[in-house]
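Here's the letter readout for the chains.
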Amino acid sequence: MVKHEQESTNRPDNTAFTQQRLPAWQPMLSAGIVIPGFLIIGAAFIGIGVALFVTSQSIQVLEGPVFFYYALSNFFQNHRRYGVSKDDNQLFGDTSYFTSPSSSCSPYQYDSSNKPIVPCGSVANSMFSDTFQLYQVVNGTNKLVPWDGQGIAWWTDYSIKYRNPSVTPLQNAFNNTVKPINWTKPAYELDPTDSSNNGFINQDFLVWMRRAALPNFRKLYRRITQGDYAQGLPAGNYLLNINYSYPVVDFGGRKKVVLSNVSWMGGKNDFLGIAYLVIGSLCVVMSVVMLIVYAKFKFPDEE
Amino acid sequence: MSFFGLDCVRKRERELERKLRANDREFNLSFKYATNAIKTSKYNLFTFLPLNLFEQFQRIANAYFLFLLVLQVIPQISSLSWFTTVVPLVLVLTVTAAKDATDDINRHRSDNQVNNRKVQVLIDRKLRSEKWMNVQVGDIIKLENNQFVTADILLLSSSEPLNLVYIETAELDGETNLKVKQALPVTGDLGDDVEKLADFNGEVLCEPPNNRLDRFKGALTCDGQKHPLDNEKVLLRGCTLRNTEWCFGLVLFGGPETKLMQNCGKSTFKRTSIDRLMNVLVLCIFVFLGFMCTILAAGNSVWENNQGSNFTVFLPRQDGNSAAFTAFLTFWSYVIILNTLVPISLYVSVEIIRLGNSFYIDWDRKMYYARSDTPAEARTTTLNEELGQIKYIFSDKTGTLTQNIMTFNKCSINGKCYGDVFDYTGQRIEITEHTERVDFSFNPLSDPRFVFHDHALVEAVKLQSPEVQAFFRLLGLCHTVMAEEKREGELHYQAQSPDEGALVTAARNFGFVFRSRTPDSICIVEMGQQRSYELLAILDFNNVRKRMSVIVRSPEGKLCLYCKGADTIIYERLHPSCSKLMDVTTEHLNEFAGEGLRTLVLAYKDLEEEYFTQWQRRHHEASTTLDDREARLDQLYEEIETGLMLLGATAIEDKLQDGVPQTIEQLSKADIKIWVLTGDKQETAENIGYSCNLLREEMNDVFIISGNSPEDVREELRHARTSMKPDAADTEPMPGRTLGKGVKVIADEAVNGEYGLVINGPSLAYALERRMELDFLRTACMCKSVICCRVTPLQKAQVVQLVKKYKQVVTLAIGDGANDVSMIKEAHIGVGISGQEGMQAVLSSDYTFAQFRFLQRLLLVHGRWSYLRMCKFLSYFFYKNFTFTFVHFWFAFFCGFSAQTVYDEWFITLYNLMYTALPVLGMSLFDQDVNDAWSFQHPQLYVPGQLNLYFNKKAFFKCALHSCYSSMVLFFVPYAAMQDTVRDDGKDVADYQSFALLTQTCLMFTVSIQLGLEMWYWTAVNTFFVLGSLAMYFAVTFTMYSNGLFLILPSAFPFIGTARNSLNQPNIWLTILLTSTLCILPVVTYRFLLIQLCPTINNQVMFKVRQAKASPPPLPRRARIRRTSSRRSGYAFSHAQGYGDLVTSGRFLRRPAMSRSAAFTHVGRATGFSPMGRSAGYSPTGRPQNAKAPDVEVTSLQMYRTINDPAL
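Note that the protein sequences, when read in sequence, are chains V and W.
When we follow the UniProt record's numbering, the leftmost residue of the first sequence carries the number 1, and every step to the right adds one.
When we follow the UniProt record's numbering, the leftmost residue of the second sequence carries the number 1, and every step to the right adds one.
None of these hints come from the bench; they were simulated from the model.
Being a predicted model, the structure only gives us computed values, none of them experimental.
Here a beta-carbon is modelled for each residue, glycine too, at the ideal position from N, C-alpha and C.
Any given hint might turn out to be false.
For the chain V half of the interface with chain W, some residues (derived, Cβ under 8 angstroms), not all of them [what the hints assert, rightly or not]: (1) Ser8; (2) Ala212; (3) Met265.
Pairs of lysine-lysine residues, derived as PhoX-like cross-links and limited to a Cα-Cα distance of at most 25 angstroms, are as follows [as the list claims (entries may be wrong)]: (4) W:Lys784 <-> W:Lys669; (5) W:Lys953 <-> W:Lys805; (6) W:Lys1104 <-> V:Lys298; (7) W:Lys1104 <-> V:Lys296; (8) W:Lys39 <-> W:Lys118; (9) W:Lys270 <-> W:Lys39.
Label pairs and their calculated CB-CB ranges [unchecked claim]: (10) W:Leu1047 <-> V:Val249: 38 to 46 angstroms; (11) V:Val167 <-> W:Phe972: 45 to 53 angstroms; (12) V:Gly252 <-> W:Leu949: 50 to 58 angstroms; (13) W:Leu1013 <-> V:Tyr135: 54 to 62 angstroms; (14) V:Gln19 <-> W:Glu485: 47 to 55 angstroms; (15) V:Ser113 <-> W:Phe67: 39 to 47 angstroms; (16) W:Glu430 <-> V:Gln19: 25 to 33 angstroms.
Take the sequences, apply the hints, and build the full model.
Following this line, the structure appears as structure tokens:
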């Protein structure tokens, strides 16, 4: 017996793996799967499409809560050189980067007198600076529509990604630095009334710093969630007061403001709904075509 | 050997001649000859890193990535962080380096093992055991029996008389028969006297190191006398000492300078056609990359001019660069971003896949041969997919198709046929291992290994039927076999040809035992009675006569001539009274031929005493004349061999290896053409052609090309072509595609019907000449099978070369012997049959296994799967990378051509390495369309591989188009869906980071589902890999975007929170669903319609399998084909001329020592004997032979083959 074993010491192991016999599922594109599959997908897509389209159509301006957006076009926040021009460490509140900002911020790293710019870089420097007030005209008087500028940025940006240096008063951290060139006031004065909305955690600043994916974008400015207007803006005359300071004409851009509410699927966008409807219908059509082809050629045949 | 200057310098001052003095190390050291240490390894501990890196960066892809790395360091250009390139590059380099290191460690190990072998060296007048590596030129060493020869040495003295030694050169040239070497008498006198040897101070002047194994020139000066040295006195490294107690030798060449090492030329590195295609594709990709980058740079220039210059308010240009310069920088930035087009991990992945698929070959139990305990082995791990594309197989015959064992299978005696077994109803029974054997125990001298099944023949012998007795008496007398009787009753036959061995053994078992012979007598035991016949003449065999006869005088004094030979020849010489018997025998002969057996016809003639005396006188005269001796002898033979009486016929089976006919049938169903290239004679080769199904009786025609002049050959080839295809004779070869250097590819020409072609040696030599090679190739390729006989090793390679040159096909050569090495090296794939003679074929082959029949599994299963997997891998791999990369291209139009990436940099780094690596590897290691059993059932599945259908330039183009579509969907659908949208709480979701995450998630789903579509065989592992990779993608993404990592390194993980904030949005998921569906559905539709409208063979078989839902019926075991052949003679006899003389000359007699040496050194010249057959040269089995066993003395019978095959 021992001898026998020795004789076949080179015999390979008999396992499903080495002998390539692993049990397996072998799916195939047979008519029985593909045609019903297409029908089901088609039906499901049409269903989703209808739901999305109806939802999108139902988004009204005047039902609350209403969101106030500003929109810019032809503005390349997604340009590579623009995108890298900031210093995450600095914005994280690390004061050592206040005195020597990252070179990626160049040419907004140091000002002409070689003082470090805080916050440095193109992104911060180009922060949107128009301000808005919305009034309802009631009986000839302008009634300010109260809105909320606090809940407009991502929680992660507000609480983790951006931090003020732990220096009080905040202003001291900015000693020997200068404000970005285009800014009218330094960062520590963005909202002097509210320390939780000041400096790098100012929510307007955070919204701006989350750069857009596409050259035409809208950014949330305020939410109308309180008071008389929490349930929406009643029909009537409104007055929008715009403090105009942000130049867009130079690069052929345009500014817009948008008032809108949202649904479960976000803002108003008809694309998804229509796309689902079209693709769903195409699936149904294709399943009919495939059925015809299958009926005609009958593969696989029993030969 | 070394990479550093040393050796190069030494090589420059080339050695012109070698001078050395025995026992004088100082003198010899002054020449700086190489010591006996060998080094096949490439690196050592310190040189590994620099050398290996240097080698790796010679690969274009690696060099390219190094270049990219340099680009990325330039801040103005760097569009991606350095780690995106470094991580994959380091990984790829590490994997390759690890592989190289293991290879080199193995080489070190084998070097060490060889270098540390011990040998006895004469140092300081004493014999000391030394390591091989310490042996130096000029040392005297002592070798003992069965030791390897340490270095190239000059034989000084030996234990054997006349200073002979016997060596086996199997490792050198593959021949297992022993060769003899003889020392000079002057050194031979030294004997084993250590004192004398230590005083020996001869000087050798010889040629410098070279690789000629068959030549050596030099001179030994000793005691003022000069003695010439030649090859006969030199033992080469790699040989083994046999049958010699000891010998002393003087080291001439050591280590790298030995002829063995000088012959280890660089084996040419074989590449597969996929490799070449890949290189072309990578070049195409480079061009395409340049093209895309140019477009984008141009776009950038336009954008900078129109918009960028206005946008400088918010985005000033760096250092006031002009628009044109920015465009130039952008070009390079895009080169970096789009680098994933050039797949860095491609080569590594391909290597891994090939390695995995090679392991399957090593592991395959169905290619394991239990009898010799040999598993199959993939010696080269880089050629697998080519196994799925073989179009031509070139096979050796002996040892590959046949076992070179002849068995006495059937015979026809006096009109009665013996050998078949019938059941009680008269039905012929298939003979298997279990069929009852004839019991030969009545005969104490019988050979126990002889197997016969038909009892009728034994009965006939026992009944003392005179014809049957005469039949076997003839077999016992008319031959040139030698008998050796070590112990009483223990007979060993040594036969020059296995045919004769089989016949004599048959006679032995049926009671006519050939016992011994002297030059003038033959002693046989006839049914227990010892009788001595006087041997009066041997009328020797040759290829023209095709017969041999002996004239003997029986103990009773009766003179008789016994003759055996080809039917056609003997029939002409029969006595008219035999005509009736002739008809019956002819019928039997046809039947034998139809079964592929080798036939001989036996006849006898009683001679008158007077006539014979007179004939003998004339014979003596003729054989002593000088001029025209041959012709006169022939005439005399002719005269006496007339009026013969027919006895019957023998049928010998040249035993095929197991399953050869079935394998050949399977392979030809797979549209593989098989050419047999053999050194055998035409008849033998043709015969084997029939018995292994290569040639078939039902073929329309089998052309025999045997012209003796170029014109004849050309005419015969043309004739063959005209009969196959009347209009093909004179037309120029079909204009195929032109290869480089103006060589045309010859397209296949279709012919009606099946044809075979047999071409003999001389004709082949003409046919391979430049002027005629095309004629030959065209004709041969029109035939279903081709047999070339009498082919030299060089011609074997030339034939392979010819097909490679004009046909764009993949070739495979399979063989077992040293004579097959050239073709094994020449063909795209070389297969060695292991466990046979020598190791040469195995050592130079790419794949080895023990049995020819495993070839069908290697090709139809492993090859086909490997090819399928490789092609699927490539098309999917290119698809996933292109899709990934093209998205950047579309995004460029919306980000001011600024070389902004779409994805997160981490994703770019990990996409190829982690997220998509395993699923595609899993597919390429496990995928199969149908299992092995079904692959055998449908050999046609192999054809797409030969036509290179699965992956080619067209498929690559298609795959690029598909990627183009997918990438557009992947970019524009999220683009449209995200335009102006927000989260359900009104916050931002159309920001760059969310968009990046959305796109990359869509991409992950799309490529995963696409992989699912490609995969035909979902094992648990595949499922785990696919789902696991997706899960890992999410896990890694959430980790990368987590607070923790951000807090550790804020600038490295800027995407914090993106996953949480966007992946909780329904519209994001709806977009992902939409995008993936839109990418996949058209593919499903296209494939479904394709299957319906023009299903491929794979689709057909797969659906068939699905319907059958069970394993296929096992292939029917082919019954032995029984046909009668009326067209051809079954004559084939692998005998060579010259042995008659040898047997009668008495030279074979053993001892005294004097005659022994004479027999060795002069056998060839003295007898005018030149062995023609292959078996004369060496024995074709690697099984232990008598000659090798230490207790057996060696005689000149080495030229004979010992009949001790267990299977006999």
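Verification of the hints:
1. The criterion of a C-beta within 8 angstroms of any C-beta in chain W is met by serine 8 of chain V, whose closest approach is roughly 6 angstroms, and the hint holds.
2. With a cut of 8 angstroms, the hint placing alanine 212 of chain V at the interface with chain W holds, because the nearest CB-to-CB distance is about 6 angstroms.
3. Interface restraint check: methionine 265 of chain V against chain W, minimum CB-CB distance 5 angstroms, threshold 8 angstroms, status holds.
4. Restraint check: the Cα-Cα separation between lysine 784 of chain W and lysine 669 of chain W comes to about 11 angstroms, which is no more than 25 angstroms; the hinted pair holds.
5. Proposed proximity of lysine 953 of chain W and lysine 805 of chain W is supported: the alpha carbons are some 22 angstroms apart, at most 25 angstroms.
6. A hinted pair counts as satisfied when its Cα atoms are at most 25 angstroms apart, and lysine 1104 of chain W with lysine 298 of chain V qualifies at roughly 14 angstroms.
7. For the suggested pair lysine 1104 of chain W and lysine 296 of chain V, the alpha carbons sit about 19 angstroms apart, so the restraint of at most 25 angstroms is met.
8. Among the hinted pairs, lysine 39 of chain W with lysine 118 of chain W is consistent with the structure: their alpha-carbon atoms are about 17 angstroms apart, no more than 25 angstroms.
9. For the proposed pair lysine 270 of chain W and lysine 39 of chain W, the alpha carbon gap of about 23 angstroms is at most 25 angstroms, so the pair holds.
10. Distance hint check for leucine 1047 of chain W and valine 249 of chain V: the Cβ-Cβ separation is about 42 angstroms, which falls inside the suggested range of 38 to 46 angstroms.
11. About 47 angstroms separates the C-beta atoms of valine 167 of chain V and phenylalanine 972 of chain W, a value consistent with the hinted range of 45 to 53 angstroms.
12. The supplied range of 50 to 58 angstroms is met by glycine 252 of chain V and leucine 949 of chain W, whose beta-carbon atoms lie about 54 angstroms from each other.
13. Look at leucine 1013 of chain W against tyrosine 135 of chain V: about 59 angstroms separates their beta carbons, and that is inside 54 to 62 angstroms.
14. Glutamine 19 of chain V and glutamate 485 of chain W have their C-beta atoms about 50 angstroms apart, which keeps the hinted 47 to 55 angstroms range intact.
15. Distance hint check: the CB atoms of serine 113 of chain V and phenylalanine 67 of chain W are about 41 angstroms apart, consistent with the given range 39 to 47 angstroms.
16. In this structure, glutamate 430 of chain W and glutamine 19 of chain V meet the distance hint of 25 to 33 angstroms, their C-beta atoms being roughly 30 angstroms apart.
Violated hints for the displayed structure: none, as all numbered hints are satisfied.
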